[in-house]
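K.L.:
Sequence:
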Amino acid sequence: PIVTIQDVLTIIRRRLVLIVLLFILFSGLVVGGWFAAREWFPLWPGEALVECISDRPRAAMNLRDDVTDQRDFERFVLTQAQIVESPNVLSDTLKTFEVKATDWYKEHDGSRLYLDFEELVHAAPQRGTNLLNISVATRSPKDPHVIVNKLVEQYLERAREFNVGEYRRERAAYQNDLESLSSAISDKLTQLAALQQRLPPGYVSIGTNVVAQDYAAGKAQVAELQQFETELASLVDVYRQAGGAALSPEDTQFVEAHPIVSALSNQLFAVNQQLQVERNDFGDNHEMVRRLEQQRIVIDTELTKQRQLQLGEVLRYRVAEVETRHAAAQQALLLVQEKLADSEALMADMDAVVSQYRSLEEEITLLKEKRTEMSTYIGELDRIIRERAAIRVEKRQDAIEPPERSFPRLYLIPAGIALSLLFALGIPLLLEFADTSLRTPSDIVRHLRLPLLAIVPDADDEEVNIQSLETAVRDQPQTMFAEVFRSMRTNLQFASTPDRQRSILVTSPRPEDGKTTVACNLAILCAQGGQRVLLIDANFRRPGLQRLFGLDGKTGLSNVLVGQASLADAISASGIERLDVVPTGPTPPNPAELIGSAQTARVIAEAVQRYDRVIVDAPPVLVAGDAGNLATMVDGVIVVCRAKANSRGMGIRSSSMLNRVNARILGCVLNAARVTRGGYFREQLRTFYDYHADEPPPRSKR
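Numbers 26 to 727, taken from our numbering, label the letters of the sequence shown in order.
To be clear, the hints were calculated from the coordinates, so they are not data collected in a lab. Here a beta-carbon is modelled for each residue, glycine too, at the ideal position from N, C-alpha and C. All the pointers check out, no bait thrown in.
Below, computed lysine-lysine pairings styled on DSSO-like, alpha-carbon distance capped at 30 Å:
{"no.": "1", "residue 1": "Lys175", "residue 2": "Lys125"}
{"no.": "2", "residue 1": "Lys420", "residue 2": "Lys120"}
{"no.": "3", "residue 1": "Lys120", "residue 2": "Lys131"}
{"no.": "4", "residue 1": "Lys420", "residue 2": "Lys167"}
{"no.": "5", "residue 1": "Lys120", "residue 2": "Lys175"}
{"no.": "6", "residue 1": "Lys420", "residue 2": "Lys125"}
{"no.": "7", "residue 1": "Lys175", "residue 2": "Lys420"}
Quick list of the computed label-pair ranges, beta carbon to beta carbon:
{"no.": "8", "residue 1": "Arg566", "residue 2": "Ala598", "range": "19 to 27 Å"}
{"no.": "9", "residue 1": "Glu99", "residue 2": "Leu181", "range": "19 to 27 Å"}
{"no.": "10", "residue 1": "Gln518", "residue 2": "Lys579", "range": "32 to 40 Å"}
{"no.": "11", "residue 1": "Glu388", "residue 2": "Phe458", "range": "54 to 62 Å"}
{"no.": "12", "residue 1": "Arg63", "residue 2": "Asp128", "range": "13 to 21 Å"}
{"no.": "13", "residue 1": "Thr349", "residue 2": "Phe307", "range": "53 to 61 Å"}
{"no.": "14", "residue 1": "Leu46", "residue 2": "Leu181", "range": "50 to 58 Å"}
{"no.": "15", "residue 1": "Lys669", "residue 2": "Arg557", "range": "32 to 40 Å"}
{"no.": "16", "residue 1": "Ser462", "residue 2": "Gly57", "range": "38 to 46 Å"}
{"no.": "17", "residue 1": "Val470", "residue 2": "Ile438", "range": "42 to 50 Å"}
{"no.": "18", "residue 1": "Pro439", "residue 2": "Ser512", "range": "53 to 61 Å"}
{"no.": "19", "residue 1": "Ala352", "residue 2": "Gln381", "range": "42 to 50 Å"}
{"no.": "20", "residue 1": "Leu406", "residue 2": "Asp128", "range": "41 to 49 Å"}
{"no.": "21", "residue 1": "Lys669", "residue 2": "Val28", "range": "15 to 23 Å"}
With the hints as constraints, model all of the structure from the sequences given.
P.N.:
This is the structure in structure tokens:
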């Protein structure tokens, strides 16, 4: 158990003086208050009983009372209790001669007389019976029975008229509401008919009607015309940029069919045939062959020229034709778009009308249902008024002069003393248990059930001003703060074998708990001990190592995980011998998915092969799920809890989350430990510095 009997006894022994003083104080207040109340503030009771027989009259020719539902009868008795405390009954009672003659009436101021009397009177049903208890309590024993008896008389006089009149007034109010409701239904039916006239035939529902079909057809036609207009525009550009070349076999065929081109083509063919014959007969150097060759060249040149002229005419014709079609398509598109806009506006208007139409239909349905319910209720009121001439209540017991006080009773003294003892014990225990934060090493062991690796004192307790907590073991190695981390390194060596501590994850329940401080100092100590250490910053949301070691951070863990760089590219020198650092690099958009990938495990495995020890500075385990993913990829986890800042619940949830992923927790570090008076390590700090003051100064290493 978290709290044992031994713990409670220890607290009681430690705070025994406070408990005794509180018990004496509270007991004295109880006894003194009892005698003061008996002497100056006694209360004498007066009670009368009224029997509530039935909430309806006895039926004609029926000698037995009608059976009433239990819940209805309970409501009836409660209603009579409210009538007893009603303003009319109370005011009439205060006006009677007997009440005015009482000491209570004479002692109270006229401006608060009614309010004080309203607080004085109590009417409540007795459980398990049909009796109504009417009581008052005054400081004079001669007054309460007089006041109660006059109050009962006034109540019985008004009860019947009050109840029947209440039903009549309620019935009149509901009748007015019913008439208003019928008028509202008539108005809404008129509005519904007017809306129905605005709807076109075939307009069945929103979005599924003739207008909607026209709108859909218009949209399809616009899309078709837009595509056709785009194709024509592209065709115009093609013909304009043709550069004198034929764009289709039809254009070439049209040019070749021209009379001039056709005649020149025939002449060229005839000359080529004759040239071939003459060349075979006389050779290439014959006069006839040379003359035919020149003639062929002249005809070919003229043919080419004529073809270009005719092709230009064809292209100009094509451009004019396509431009005419393009302009016609644009005009048609504008007309269809205007028609589409009109259809869309009409459909929106009709949808609004239909929506209003349906809303009115629903309102009319609800109003009709409410009218039916109201008519039924009015009929029930008519029945009650018709069948109930008067309620049946009778006085069963008059109030008598009280034989003893109702306050204070003698049993209040032992009860008050017992409560005094409980309060005297409870206040110190409450002060002790109200603080649920992790404060001491015993809190870590008892509540978290984790091995305690180190207790780091708060930096404010140090007699030496520590400039940088993250690098204190390097910058100020002769401080108590640095000595604690050396002890932590020693304790960690005994937590498990060295081969099961190659990769260590450092996390905490929430930010600012000191996990980066612990990770950095542990890494520096391991490096100073001769190990090659790699410190990895895996906190993408709040990276800290880049600032501490002055790194540029352009290439880091994120680049390695996404495959943009290798691990060797991301490693940066820390300025400390045998200690390298991998910063976070550029912040990824999805840190959790990136950390949870299989690439992360491969990177850590590669780092373990390169270095003697790999220390990962992870995000807080309660803030991000990255720590849980990383905990499954390392040999062990160190949980850092900040004293007074972390509650027991935070620590328990952190260890539970790590245990759920089967993480191996090496232990816990209690950071910034303090007590109420001074620092937690006040005496230890003084002893440490007194001891080191007697030692000779260390020799410089350089």
